[in-house]
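One letter stands for each residue in the lines below.
Number of protein chains: 4
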Amino acid sequence: MNSENRYSVILGNLGNTCDRFLSSGYKDVAPKEELVAQAAAIPGVQGIELVGTWDVTESNITEIKTMLNGHGLTCVSIIPDLFGQKHWGKGSLSAKDAPTRALALEETRIAARIAQQIGCPLVNLWLGQDGYDYPLTADFVGQRSYLTENIRTVASEFPELRFALEYKPKEPRIFSFQARAADTLLMAMETELDNVGVCIDVGHSFVAGENVAEAAVMLQHYGKRLFHMHFNDNYRSWDDDMIVGSIHMTEYFELLYWLQETGYDGWYSMDQYPYREDGGAAVGESVAFLRAVEALLTEERRQAMRELIATGDATCTTRWMRELLLSRP
Amino acid sequence: MNSENRYSVILGNLGNTCDRFLSSGYKDVAPKEELVAQAAAIPGVQGIELVGTWDVTESNITEIKTMLNGHGLTCVSIIPDLFGQKHWGKGSLSAKDAPTRALALEETRIAARIAQQIGCPLVNLWLGQDGYDYPLTADFVGQRSYLTENIRTVASEFPELRFALEYKPKEPRIFSFQARAADTLLMAMETELDNVGVCIDVGHSFVAGENVAEAAVMLQHYGKRLFHMHFNDNYRSWDDDMIVGSIHMTEYFELLYWLQETGYDGWYSMDQYPYREDGGAAVGESVAFLRAVEALLTEERRQAMRELIATGDATCTTRWMRELLLSRP
Amino acid sequence: MNSENRYSVILGNLGNTCDRFLSSGYKDVAPKEELVAQAAAIPGVQGIELVGTWDVTESNITEIKTMLNGHGLTCVSIIPDLFGQKHWGKGSLSAKDAPTRALALEETRIAARIAQQIGCPLVNLWLGQDGYDYPLTADFVGQRSYLTENIRTVASEFPELRFALEYKPKEPRIFSFQARAADTLLMAMETELDNVGVCIDVGHSFVAGENVAEAAVMLQHYGKRLFHMHFNDNYRSWDDDMIVGSIHMTEYFELLYWLQETGYDGWYSMDQYPYREDGGAAVGESVAFLRAVEALLTEERRQAMRELIATGDATCTTRWMRELLLSRP
Amino acid sequence: MNSENRYSVILGNLGNTCDRFLSSGYKDVAPKEELVAQAAAIPGVQGIELVGTWDVTESNITEIKTMLNGHGLTCVSIIPDLFGQKHWGKGSLSAKDAPTRALALEETRIAARIAQQIGCPLVNLWLGQDGYDYPLTADFVGQRSYLTENIRTVASEFPELRFALEYKPKEPRIFSFQARAADTLLMAMETELDNVGVCIDVGHSFVAGENVAEAAVMLQHYGKRLFHMHFNDNYRSWDDDMIVGSIHMTEYFELLYWLQETGYDGWYSMDQYPYREDGGAAVGESVAFLRAVEALLTEERRQAMRELIATGDATCTTRWMRELLLSRP
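Residue numbers (the numbering used here), protein chains in the order written: chain A, 40 to 368; chain B, 40 to 368; chain C, 40 to 368; chain D, 40 to 368.
So here's chain A without its partners, still in its complex pose (with noise of 0.2 Å):
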């Protein structure tokens, strides 16, 4: 099939995963060169999402490269860890301690300085343990201005690279402070830096109760600031992390229809948590259907979709769907 979406995973759902009640992790855990050959046999992966500290750190950098030259692969974004250790436990850019906040400054500047060592030019940040649980504990005013700062600071140092920030509504925290797709490009537009974007992960974007092709058409509405996409799926309440297509269905035709319609140029990256799952299956499957659904978006079908959208007709648009989708011949 010739592709013209380039299609990526995170390392990290290929291996082992957890939740609180089995810290354990479902499965076992495999060796890194085991994942990253499991992510290169994938039809269509060509490339890489690297956790810094866990998957890729300072002294492993040649190491790492050379495994993922090996089998064909691009490293398309680092992701430094300010989410899995007890010291960012209540928050890493914008903590109210600031040596905390200075860690996770100098921790971020590290991911930015493998990704330039490794040849990457995306960060992407997660901020999960920014934001609060109670009302009445976090502070708006401080803590909302140590994270910009903090950005601005980290993206003007490395001009070349480009940041993205990926939102979440919730969880580890019960509130983040990058929640949502308008919040998070309010703040990169706050830093009138033009390396600092956002990266919409679609479940996320489920849970936050967004039309996730809407979100898309907002970030590139102003500034072309979609830098990044992460794929999964859920029923919309939580962050499940499951299979691409496994729940929804028309909303992925919607979102692949305007990315390109937008002119998104980024990668199409997995982040799946298949907790009792094989993962490279799991992860493979979601690919697969990425790469159904775009197959199936040719330019007359996308002509098709224009005009359902300019009628407007939501009858109209579900006979195309169930006619694409169930008719036999």
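Errors might be hidden in some of the hints.
[What the hints assert, rightly or not] Computed list of chain B residues with no C-beta within reach of chain A, every gap over 12 Å:
hint	residue
1	N44
2	D317
3	G323
[Said to hold, decoys possible] What follows is a set of in silico ranges between Cβ atoms, one per label pair, in the way DEER data are often shown:
hint	chain 1	residue 1	chain 2	residue 2	range
4	B	Q299	A	E362	54 to 62 Å
5	B	P198	C	A69	23 to 31 Å
6	B	G109	A	E339	42 to 50 Å
7	C	A137	A	A334	32 to 40 Å
8	C	A69	B	Q299	50 to 58 Å
9	A	E339	C	S98	48 to 56 Å
10	D	G181	B	G262	13 to 21 Å
11	A	H110	B	R367	52 to 60 Å
12	C	A343	D	E231	41 to 49 Å
13	C	R340	A	N99	50 to 58 Å
14	B	R367	C	P198	56 to 64 Å
15	D	P368	C	N99	25 to 33 Å
16	A	E362	D	G181	44 to 52 Å
17	D	T101	A	K125	19 to 27 Å
Quick caveat, the hints were computed from the structure, so don't treat them as lab data. The beta carbon of each residue, even a glycine, is placed where N, CA and C say it ideally should be.
Once you have looked at the hints, place chains B, C and D on chain A.
Chains B, C and D in isolation, oriented as in the chain A frame:
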């Protein structure tokens, strides 16, 4: 197409529908005969549901019967209007006010007599006003007991009719007494009458957080208590009453599979609010979707689904659905 | 009680309110003068909001003005009716249909002229019909641009008025274009006009999954764009429009604290749908609740709250609230 | 304070708690004896719940019993670990895999024997892994039947113990088989054993969309099946396991009122995940909140509540609560 399932529609779905901000409705009011003709014109539709006092009264039964016969339609249920008049504002069969309860009981009897006279075997009770809005305002002991007693009374008076209790978590009350499948089943069982069962409205079940196929299986498990089915679609957080298949996909496959597997032999009835769409077209599209799913559920595919269920591997299930829906030879 | 906050109500809240199942409303319709008298009788209420065409038109301005003056009430906002008529069914200022957009623009101008003539400084735009229901039916690029342009047009024509955009995630459309605080703020900022800002309806904010105090702080942070406040309560999943304080408690303390902290100087306006309650009593109870909270927020307690926020310890905050509310000497 | 309610805590709540992003937990692991001492130090706490294999095994019963006695604590329930080990990943008592089911049955028997030996009258079954994640992967007929049968088996083997089924709509599975009060009650009743009942976890009930007081009344109505209560708080969309009273207020008054009214005589047990808080302080604050509510529920106020419920006027109820909580003489 040779269909085993029997499809019907609620007559009012084809007419004008309003909301709280636009009480005139979004469309014009069409004469009843026209709505009946529209229903009959939908491919596959053989039955109709009527709301007592709105669509049918004791004085126009013959006229309505002739109208339905003229279009080859069967009346599949009578829905007493226990929700759309001011005097039901604080409840009908569960009202704290005794005269209101008596009035509601009588209204239900009228619906039952209409059903008898029109040759319809089922009364569908949707008790939308029977519930509460604020903490510390409902008498859970007394009101639930009124409700159960009143249902027992009317159902024992009309033993040859079946009474289906249609649950819904909320709206118009913030909490309904008959909110979910299991709560409602418990009340049906408490009547100790075989002619009291449950109606699943698929959208209500989504809003309740249920997996609708599981709810159907449960109702069938406890004495074949699934008496009736209403179909529509939504985004799981509110009763949007959309076109079937516009949002969900795999859930309908699972539901139709289990309905057949557990011997459901009632009607597949459409219950929508096409506020801004042409009513006939929107309801017709729902029927077309369900018939398309039914057609795909060949015995061969049903056997494949049995195996997927036995295996329980999410990747296999998702792949099978993708190949069914998106693969092109 | 010596209050600094100024309280107002939306006139229609005191009248009859309907829902989609009971379009006649649950109560009887009272004459406008009676509603105004009821509003004026609520302790603490000094202002009123009027819906254009429902409550006030260009032809009855003098009469309404006299009526308000007679009761010592100020008109605090005019809300153009861009949601309650059939021709807005597929949108008003964002409609795909150009004549409809022109009509909506004119309706907004009429509201602005009414505001000028009645001496009211604010037009509150709630664009309930501007959104969409189904995937693949909305033109996110074109329609959002119509919307922004039209707001810019009317706001630039009336530079001495302020225009507050009242966001709401859904209802009557399943997705609104002005859905959340940040999306709406972005659009306000895009107009590049200082007299375009945002109205927070507390219930809408709950439904949006926001922490409402955080939303207020954000709007104030980006140029003091919080122009107006609507108060009501709900269970966070739907715009139940309940009595303030009936469900939430600490959130109101946090909100009122931050409103003062960030210099909000607009009105505290009640926006409820007391379907089954006496309107005056229900709205009056909301005002009483907010005034009680205001009275408790002494400078001493505000200082304690500042410290709780700085500390950020959930146990301390919860204990402080418990001692404030439940302790008895 | 002279309390009639008996308060207890789940021992593990006081220890370290983790989530899926921080599997080491946010705090350090303290020795069991220290946790027991912390529990005993909370004013009002008289009982403790223990998780089988985590906290207590057949080999350390005497030691644990001595430890509890030393601190004047009673063991109020044993919770078998049917959720926190890899082999339960696809279910325990409902697993499709027969050896896994046998293992789960044996694990439950062990917990029952521990309960007997430690002198604890109740086994609390939280079957977190018994459910499913994706459509078309669960065998609703077979698996629910395994589950019911296994519960019947173990409960009939230990007739002098009570078995409380703790329902939860989701997490760790996306759909639980024991999801809501009524579903779970049906299964309890299906066993035809008087020693099988239900445990309400208040937070689980909120997530299920239930009004928790109504759920309690329903369980008591059908044969006094409410065996146990777990307390915590959340925002209604997820099991946040927060400090009791931090988010909800009136609901707890309504719940405690009805628990007494319907003769609930079990424990009031705390079940929280104070990820970032001091465990003893956070759990202690929950107990303090419930005791404060209990103290306010004097017979005089209970009589007032009876009247509010009989009247059913939302404004009266809200006013009463406001005057109780916010009024200052």
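Going down the list of hints, with the structure as the test:
Residue-level check passed: N44 (chain B) sits 15 Å from the nearest beta carbon of chain A, beyond 12 Å. Once the 12 Å rule is applied to beta carbons, D317 (chain B) is inconsistent with being away from chain A; the minimum gap is 7 Å. Some Cβ of chain A comes within 12 Å of the Cβ of G323 (chain B); the nearest lies about 8 Å off, and the non-interface call is violated. The hinted window of 54 to 62 Å between Q299 (chain B) and E362 (chain A) is violated, with their beta carbons roughly 24 Å apart.
Between P198 (chain B) and A69 (chain C) the Cβ separation comes to about 47 Å, which falls outside the hinted range of 23 to 31 Å. Restraint check, G109 (chain B) to E339 (chain A): a C-beta distance of roughly 44 Å satisfies the suggested window 42 to 50 Å. A hinted range of 32 to 40 Å holds for the C-beta pair A137 (chain C) and A334 (chain A), which are about 37 Å apart. Take A69 (chain C) and Q299 (chain B): their Cβ atoms lie about 55 Å apart, and the range 50 to 58 Å holds.
In this structure, E339 (chain A) and S98 (chain C) meet the distance hint of 48 to 56 Å, their C-beta atoms being roughly 55 Å apart. The hinted window of 13 to 21 Å between G181 (chain D) and G262 (chain B) holds, with their beta carbons roughly 19 Å apart. Range check, H110 (chain A) to R367 (chain B): Cβ separation about 30 Å, and the 52 to 60 Å hint is violated. For A343 (chain C) and E231 (chain D), the Cβ-Cβ distance of about 57 Å falls outside the hinted range of 41 to 49 Å, so the restraint is violated.
A hinted range of 50 to 58 Å for the beta carbons of R340 (chain C) and N99 (chain A) is consistent with their spacing of about 54 Å. Checking the proposed 56 to 64 Å range against R367 (chain B) and P198 (chain C) shows it holds: the Cβ atoms sit about 58 Å from each other. At about 46 Å, the CB distance of P368 (chain D) to N99 (chain C) disagrees with the hint of 25 to 33 Å. Separation of E362 (chain A) from G181 (chain D) is about 36 Å and departs from the stated range, judged on CB atoms against 44 to 52 Å.
A hinted range of 19 to 27 Å for the beta carbons of T101 (chain D) and K125 (chain A) is inconsistent with their spacing of about 35 Å.
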